[in-house]
Amino acid sequence: MILFILRRLLLAIPIMIGVAIVCFSLVHLAPGDPLVSVLPPDASADLQKQLRTLYGFDRSLPEQFFGWISRAVTGDLGTSIASSRSVTTEVMKAVKNTLILAAFATLIGFFFGSLFGFVAGYFRDTLVDKAASFISVMGVSVPHYWLGMVLVIIFSAQLGWLPATGMGAGGSAAWEWDWAHMKHLMLPAITMSVIPMGIISRTVRALVADILAQEFVVGLRAKGLRDFDVFRHVVKNVAPTALAVMGLQLGYLLGGSILIETVFAWPGTGFLLNSAIFQRDLPLLQGTILVLAIFFVLLNVLVDILQTTLDPRITRG
Amino acid sequence: MISTPLPLSIAPVEQSPGYWSGVLRRFAKDRVAMFAGAVVLILVILALFGPWLTPADPYQSSMLKRLRPIGTDGFPLGTDELGRDMLSRLMVGARLSLFMGITPVICAFAIGATLGILAGFVGGWVNSIIMRTIDVFYAFPSVLLAIALSGALGAGIGNALLSLTLVFVPPICRVAESVTSQIRSRDFVEAARASGANAFAIIRVHVLGNVLGPIFVYSTSLIAVSMILASGLSFLGLGVKPPEPEWGLMLNTLRTAIYTQPWVAALPGLMIFITSMSFNMLSDGLRSAMDVKQ
Numbered sequence: 001m002i003l004f005i006l007r008r009l010l011l012a013i014p015i016m017i018g019v020a021i022v023c024f025s026l027v028h029l030a031p032g033d034p035l036v037s038v039l040p041p042d043a044s045a046d047l048q049k050q051l052r053t054l055y056g057f058d059r060s061l062p063e064q065f066f067g068w069i070s071r072a073v074t075g076d077l078g079t080s081i082a083s084s085r086s087v088t089t090e091v092m093k094a095v096k097n098t099l100i101l102a103a104f105a106t107l108i109g110f111f112f113g114s115l116f117g118f119v120a121g122y123f124r125d126t127l128v129d130k131a132a133s134f135i136s137v138m139g140v141s142v143p144h145y146w147l148g149m150v151l152v153i154i155f156s157a158q159l160g161w162l163p164a165t166g167m168g169a170g171g172s173a174a175w176e177w178d179w180a181h182m183k184h185l186m187l188p189a190i191t192m193s194v195i196p197m198g199i200i201s202r203t204v205r206a207l208v209a210d211i212l213a214q215e216f217v218v219g220l221r222a223k224g225l226r227d228f229d230v231f232r233h234v235v236k237n238v239a240p241t242a243l244a245v246m247g248l249q250l251g252y253l254l255g256g257s258i259l260i261e262t263v264f265a266w267p268g269t270g271f272l273l274n275s276a277i278f279q280r281d282l283p284l285l286q287g288t289i290l291v292l293a294i295f296f297v298l299l300n301v302l303v304d305i306l307q308t309t310l311d312p313r314i315t316r317g
Numbered sequence: 001m002i003s004t005p006l007p008l009s010i011a012p013v014e015q016s017p018g019y020w021s022g023v024l025r026r027f028a029k030d031r032v033a034m035f036a037g038a039v040v041l042i043l044v045i046l047a048l049f050g051p052w053l054t055p056a057d058p059y060q061s062s063m064l065k066r067l068r069p070i071g072t073d074g075f076p077l078g079t080d081e082l083g084r085d086m087l088s089r090l091m092v093g094a095r096l097s098l099f100m101g102i103t104p105v106i107c108a109f110a111i112g113a114t115l116g117i118l119a120g121f122v123g124g125w126v127n128s129i130i131m132r133t134i135d136v137f138y139a140f141p142s143v144l145l146a147i148a149l150s151g152a153l154g155a156g157i158g159n160a161l162l163s164l165t166l167v168f169v170p171p172i173c174r175v176a177e178s179v180t181s182q183i184r185s186r187d188f189v190e191a192a193r194a195s196g197a198n199a200f201a202i203i204r205v206h207v208l209g210n211v212l213g214p215i216f217v218y219s220t221s222l223i224a225v226s227m228i229l230a231s232g233l234s235f236l237g238l239g240v241k242p243p244e245p246e247w248g249l250m251l252n253t254l255r256t257a258i259y260t261q262p263w264v265a266a267l268p269g270l271m272i273f274i275t276s277m278s279f280n281m282l283s284d285g286l287r288s289a290m291d292v293k294q
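Heads up: the protein sequence lines correspond to chains A and B, in order.
The numbering of the first sequence is this note's numbering, which starts it at 1 and goes up by one.
The numbering of the second sequence is this note's numbering, which starts it at 1 and goes up by one.
Next up, chain B with everything else stripped away, as it sits in the complex:
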């Protein structure tokens, strides 16, 4: 069986037939997770097609129509401090906000999983070099590291993405290292090695199939944190720059309006809250459906 390595994408299916259908069945039964999934789906649709769905131009400002309350005729969610339609801006804001929140986790997943699997599988001095370096970054509280990095690099989307990626690499790498070194000492890996499979084949067939699931589930649980942090950077003025609609930045520019139009000012934060909560519940559902411990 080892002599014919399977393509990566179907390797886990071959290993335990019916696993994914079981995951799907358990997930479909989990009403909370399904609901969260639906919310995430709507947000993703907004992020992809938002600019074509908005009722008004999200960049069109008007000095006369500034800070209208929720329920104003023509502006169902009011207007912001420059008289722009809040509903449209919140819809279009989904694109940048989700992009800023999800991209760092994807990049960190790629880097952290690679480093962690390498460290866990090879062991020895490779493990020491990688893991001791990771320990140093782990020694910073995540918010501090993100803000310090993007503060030093300067404001901007690219720098914010870079610093958030660096924040999430250490935890993902740690999880990847620990699950990989557990798998490495299992009998079936020993058997594969004894029957002459080379390291590359063992990683591809035996390690990846068993390790990517738990790392993936762990990474999805970071999306919620990443959303909050990414918007937090923009909130501080370290991420997205005006006039782009992004929820954290909108929250920042509307802060001055908390005494005049408080509920309009709070709307962008509500969007961040809903998004991060949905990702958290989705990730919890995924974890129990995939039966990942930890």
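Pulled out of the complex, with its shape left as it was, chain A reads as follows:
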């Protein structure tokens, strides 16, 4: 088992190196001077040169890459050009906020997704199935930034039940799991949950229908098992794949939260990314993308390992 985990981690290393190269080149593809956001338009040539040396932009690209990556491994992602704060601190603060949002959204999505999926798969080709499937198609088709706007219109602007933006009193530093703060979480989390809901419900529906058609289910029924006990067997068969899909969805939400965080002014990684893009803050942009992508790669490995552990049918090849 430990050997298997080690092997999976080792296999992820070349991918992570590739990811780092992509992150780095991405930012250096950017046209224009990377210092344009901090340099005053009338900066002297001397000052320009000084700043260039300070941020390391005067060295060759490979030199810059190896410098950046060797510092990144030790947890130092450089200094933000716009705020001159440490990129690592900024990103980690934002990751925590995005994680709160994405984890909550994944839970909601997983609960309703499995519910709809089970119902649809169990009553296949009935009206219930059609309704549940329709909801899941809606879930994967809705532009979530628009859904966010509509929810704000209904629940904030019209009814005034829930706040429209932000993380509540004290901002992200004072986050607590109490109702006053949870109120701020509701709308963005519900908005975010529709994508995993749609995808999990589609997956679960297909799995349940597939398993119910297998011979062992007929065998269980012939043995005289009640519906509920048959259902337990189905759940056991569906769970590993459904959990794996849920894990991957969490990864997608972490990386794809930018649109929702922009709509709700949620101070997470997406919000950070947005400001990094529009302020042309290259170290911050690079660092945020790298952290999110590495997170995604590791999550993939974790899901893989968990699925293998949970599902005795998969051999550890």
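A couple of the hints might just be wrong.
[As the list claims (entries may be wrong)] Derived, one-sided and incomplete: chain B residues facing chain A with beta-carbon distance under 10 Å: (1) Thr54; (2) Val136; (3) Ala139; (4) Leu144; (5) Leu149; (6) Pro242; (7) Tyr259; (8) Met277.
Keep in mind the hints are simulated off the structure, nothing from the lab.
Note that the Cβ used here is the ideal one computed from N, Cα and C, for glycine as well.
Got chain A; can you put chain B on it based on the hints?
Here is chain B on its own, set in the frame of chain A:
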């Protein structure tokens, strides 16, 4: 039979007579897919002829008639934050929105299918180079990759199209590689090789005919995602620039109006939703009509 390679376009028809008529028959019976197809057809007509069909000038602004509600006399869907007719702008917006959503998938289909078929058919180190590179891009969540790329390249239609294309190449390439390597090991390919057909002829006659269908169906399922992402880029200010009418951009500029004229502000998003939903249902119908698994 192999000695006279057939033109590509009719190759699948020759392979299993009646397949396409069966697909058509099954598709015609699928009421949901037919309905979605009709909606897509209307949207395509709007995209092609929208500028000649609009009741008013979509660029004509008026400071006096800003943010009128739905149902105003002369403005059936109200006016936007600059007093422009919403109905006309939504109609004309179909052109850019559909173009921005569909083009990346077409380009990614061409690139991804070529790379994937090549990797799957040749195998060996060619496969390793292509697929390991694809793995790296696959390691990014798609929204993150799209936004990071277009954020780094800067706002604009061309950059948005480029970054979305790059986002869709890896998944299409993976599907193409897996179906091609499955087909490659089938007996009829072996038979063709044994009877002396060269690699080019095998790809043209045997591989393409069996592989393009599944890749095509998979690619159509990406159009819905692409529509949402493309409009999302414009929504963030990374795609189409004002004053061009594009649904994502319109949604962005109308965001300030959610407290004054909420239902007018929500209209562009509804268009994106309807479009993406129709493409999803159309793609699902196509998948079951063409009997593609996965």
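Evaluated hints:
| no. | hint | verdict |
| --- | --- | --- |
| 1 | Thr54 | violated (23 Å) |
| 2 | Val136 | holds (3 Å) |
| 3 | Ala139 | holds (5 Å) |
| 4 | Leu144 | holds (4 Å) |
| 5 | Leu149 | holds (6 Å) |
| 6 | Pro242 | violated (16 Å) |
| 7 | Tyr259 | holds (5 Å) |
| 8 | Met277 | holds (4 Å) |
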